[in-house]
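Participant: Chains as they are written, first to last, in the numbering used here: chain V, 1 to 294; chain A, 295 to 641.
Think of the hints as simulated: they come from the structure by calculation, not from any bench. Just so you know, these numbers come straight off a predicted model, no measurement behind them. Errors might be hidden in some of the hints.
[Said to hold, decoys possible] To give an idea of the interface, some chain A residues facing chain V are shown, with a C-beta separation under 8 angstroms as derived from the structure:
1) 416
2) 438
3) 600
4) 603
5) 606
6) 612
7) 613
8) 620
9) 639
Where is the CB? At the ideal position from N, CA and C, for every residue including glycine.
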Amino acid sequence: MDILLQLIVSGIAVGGVYALIALGFVLIYKATSIINFATGEFMMIGAYFFYTFMVMIGLPPIPSFLLVMFSSALLGLFIERAILRYMLGQPTISIVMVTIGLSSILMGLAEIIWSTDFKSFPPLFPRAPIIIGDIIVRSNLFWGFVAAMAAVILFALLFKYAKVGVAMRATAGDQMAAFSMGINVRSMFTVAWSLGAIAAALGGVIIGNIGGIQPTLGGIGLKIFPVVILGGLDSIAGAVVGGFIVGLVENIAGGYLDPYVGGGVKDLAPFVVLVLILLVKPYGLFGKEDIERL
Amino acid sequence: MRIGDFKQSYAADEAVFRSGTVRVWLALLFAALAVFPFLAGPYLLYMADLTGVAIVAAVGLNILIGAAGQISLGHAAFVGIGAYTSAILTTRLGLPFLVCLPLSGLSAAFFGVIVGAPSMRMKGLYLCIATLAAQVIFDFIFVHWTPVTGGIRGINVPPPDIFGLKLDTEFKFYFVTVPIVILAVSAARNLFRTRVGRAFIAIRDRDISAELMGINLFQYKLYAFATSSFFAGVAGCLQVYLLKIVTPEHFPLHESIRYLAMIIVGGLGSVLGSIFGAIFMTMVPEALQSGLALFQGLDDKLMSYLFPLQTVVFGLLIVGFLVFEPHGLAEIWRRIKDYFRLWPFEH
Numbered sequence: 001m002d003i004l005l006q007l008i009v010s011g012i013a014v015g016g017v018y019a020l021i022a023l024g025f026v027l028i029y030k031a032t033s034i035i036n037f038a039t040g041e042f043m044m045i046g047a048y049f050f051y052t053f054m055v056m057i058g059l060p061p062i063p064s065f066l067l068v069m070f071s072s073a074l075l076g077l078f079i080e081r082a083i084l085r086y087m088l089g090q091p092t093i094s095i096v097m098v099t100i101g102l103s104s105i106l107m108g109l110a111e112i113i114w115s116t117d118f119k120s121f122p123p124l125f126p127r128a129p130i131i132i133g134d135i136i137v138r139s140n141l142f143w144g145f146v147a148a149m150a151a152v153i154l155f156a157l158l159f160k161y162a163k164v165g166v167a168m169r170a171t172a173g174d175q176m177a178a179f180s181m182g183i184n185v186r187s188m189f190t191v192a193w194s195l196g197a198i199a200a201a202l203g204g205v206i207i208g209n210i211g212g213i214q215p216t217l218g219g220i221g222l223k224i225f226p227v228v229i230l231g232g233l234d235s236i237a238g239a240v241v242g243g244f245i246v247g248l249v250e251n252i253a254g255g256y257l258d259p260y261v262g263g264g265v266k267d268l269a270p271f272v273v274l275v276l277i278l279l280v281k282p283y284g285l286f287g288k289e290d291i292e293r294l
Numbered sequence: 295m296r297i298g299d300f301k302q303s304y305a306a307d308e309a310v311f312r313s314g315t316v317r318v319w320l321a322l323l324f325a326a327l328a329v330f331p332f333l334a335g336p337y338l339l340y341m342a343d344l345t346g347v348a349i350v351a352a353v354g355l356n357i358l359i360g361a362a363g364q365i366s367l368g369h370a371a372f373v374g375i376g377a378y379t380s381a382i383l384t385t386r387l388g389l390p391f392l393v394c395l396p397l398s399g400l401s402a403a404f405f406g407v408i409v410g411a412p413s414m415r416m417k418g419l420y421l422c423i424a425t426l427a428a429q430v431i432f433d434f435i436f437v438h439w440t441p442v443t444g445g446i447r448g449i450n451v452p453p454p455d456i457f458g459l460k461l462d463t464e465f466k467f468y469f470v471t472v473p474i475v476i477l478a479v480s481a482a483r484n485l486f487r488t489r490v491g492r493a494f495i496a497i498r499d500r501d502i503s504a505e506l507m508g509i510n511l512f513q514y515k516l517y518a519f520a521t522s523s524f525f526a527g528v529a530g531c532l533q534v535y536l537l538k539i540v541t542p543e544h545f546p547l548h549e550s551i552r553y554l555a556m557i558i559v560g561g562l563g564s565v566l567g568s569i570f571g572a573i574f575m576t577m578v579p580e581a582l583q584s585g586l587a588l589f590q591g592l593d594d595k596l597m598s599y600l601f602p603l604q605t606v607v608f609g610l611l612i613v614g615f616l617v618f619e620p621h622g623l624a625e626i627w628r629r630i631k632d633y634f635r636l637w638p639f640e641h
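Working from the sequences, and respecting the hints, build out all of it.
Facilitator: As C-alpha cells, then:
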C-alpha cells in the first residue's frame, strides 16, 4: 500500500510538469492548428538557456528565470516568423514534417553549442525531502510541481481574463470572425508560438532541475502526445487532466510491471493508454469533434 | 509541335513511356546499373545496396502518404517487422532467402493492417499520433521480447543463398537488390494505373467525395496500409541480409522520420521522387562526412561535430525543401526536363 501511495504522489508531481509542457503544445495547436513536434526540443533549449544564464554567466536564479522566459519567447517568435508563417494552408504532413525538421535542427545545435555531456543545475531548493504522512517526496520534485502548477494557473488566468488571451481564444474559435472584429490574427499566431515556447521552456527548466540536462532531454516531449490526445488536442483543461493521468499511469505501471519485463514500461505505458483512448474516444476527453462538410 | 502536355489519343495518355526516347534512356540506365558493380569498390557497392533498401521502403511509404494521404510515423517499425520475420524464419526454420522475402512482406502487411485499422475513425493529426504509438510499442517489443527477438543484442543472420549460390559479398548482393528495387518501383508505378491506385488518390484528394463515388474508405485505407507495409517488410528483409544482423537500434523513431524525409525531399506522391529522395538522404550524411574529413587537419575537434552537424543538416533539408520546394526533387527534375524538351521556347 505504501508503494502505491508513493507511486501516486510521484505520479501527480511529474504529471504537473507534463501538464505545463502539454499546455505549451495546446496553446500553439489551439491558435494555429499546428501540431508542434518540436515541443520537446523547446523544452530542452529552455533548460539549456537556464543553465547558460545561471551557471555559465553566473546570474542569480530569478533573473535567469526571467531571461529564460524572454529568450524562449524570442525563439518562438523567430521560428513562427521565419518558417511557420510560410506553411499556412499546407497539408498536415508538411506542417508535421517542418516541426520535426525543426526539432532536429534544435537538437543538433544544442549538441554543438553545449556538447552532449550531462549537466545539472546547482541546488535551487533546500535538499531535505518533503514528508507528507508516510510518503517521502524529493524536494526538487515537490517544488517543481508547485512551480508548474503556478505557471499553469497563470496561463489559464491569462487566457481567461487578459486582453491578449481573449483575442487568442477568439482567433482559435473563428479566424474570420476574429479578423473582422479587428483582431490581428497574424500577430496572434506569433503570440501563441511565443507563449507556447515559454510554457515548454519552463517545463524544461523544472525537468532539468529534477533530473539534469542533456541534448536528448527533448525525448520527453514524445510523452506530450499521449497527454494532449488524452485531454483533446485543443483543450487547456484537457492538457492538465491528461498530464496527471499520464503521470499516474506511467508511474504506477512502471512501478508494478518493470520487474517483470526488465524496465522501459514507463515509456511504453502512456502510448498503450493513448491507443486505447484513440479507439474509444478519437477526439480525447475534452477535444472538439471535427464536423466536415463537402 | 512540342508543347507542354499535348496528347492526341487516349493510348498516348495511358502509355507507360511518354516517348521512344524514354525507352532509350531507360535502357542506358539499366546498362549503367549492370556495369556499375564491376567498376565500383566494396564501399560504393555497400552504399548502393543500402540505397536500394531505402528506395524500396521509401516507395512504400510514398504510396501510403503521397498517394493515399494517410500519415504514418511508424514506417521503420514495419521495416523492422519484415527484418525480424526474415531473421527468425532463417535462423529458426532455415528457410531460404527467396521464401523469406515475400513472407516478411506479408507479415509486415499483416501488422500494417492492424495498425491501419484505427484509420477508419480518425485521420490527419490523430492518425499521425496513433502510428507514432505503434512505432513506440513495436520498438518496445523488439527490445523486450528477448526469447524471440534476441533483445538489444539482436539476431545474427547467415549470408543468404539463392539456389546454392552464397551471396556473401556486397558485389553478389547487388545483383539481388537491384532487381528487387526495379520490381518494387515498377509495381508502384503501375499501381496508379489500377482501380486500387486511383482509389488511393481519390481518398487523398477528398475522402468524403471518394466515398460518395462508391469507394469503400475503410477497405481502401487498409489496402494502402497493407501495400505500404509490404514494401517496408521487403526492405526490412533486404536490410537484414545486407547487414547480417538485426537489432532494435536499426528501427527507432528517427528511422521513420528519415523515411518521411526521403519522400518529402524527393517529392510526395511521386515514385520517381521516392527514388531521388532515398538516394539523396542516404548520400548526404556520407558526403558531409567526407566533406568534414577534408578539413580535418585544421581542427582536431572537427570530426566530433559530425553527428550533431548531420542532425542539423537533416533538419535544415526537411525545413528548406518544405518551405522553398514543397514538391521536392521530382519537381526540380521535371522543370529541368521540360526546359530541354521545350528548348529553345519557354512554354
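Participant: Checking each numbered hint in turn, tell me which of them this model violates, lowest number first.
Facilitator: 3, 9
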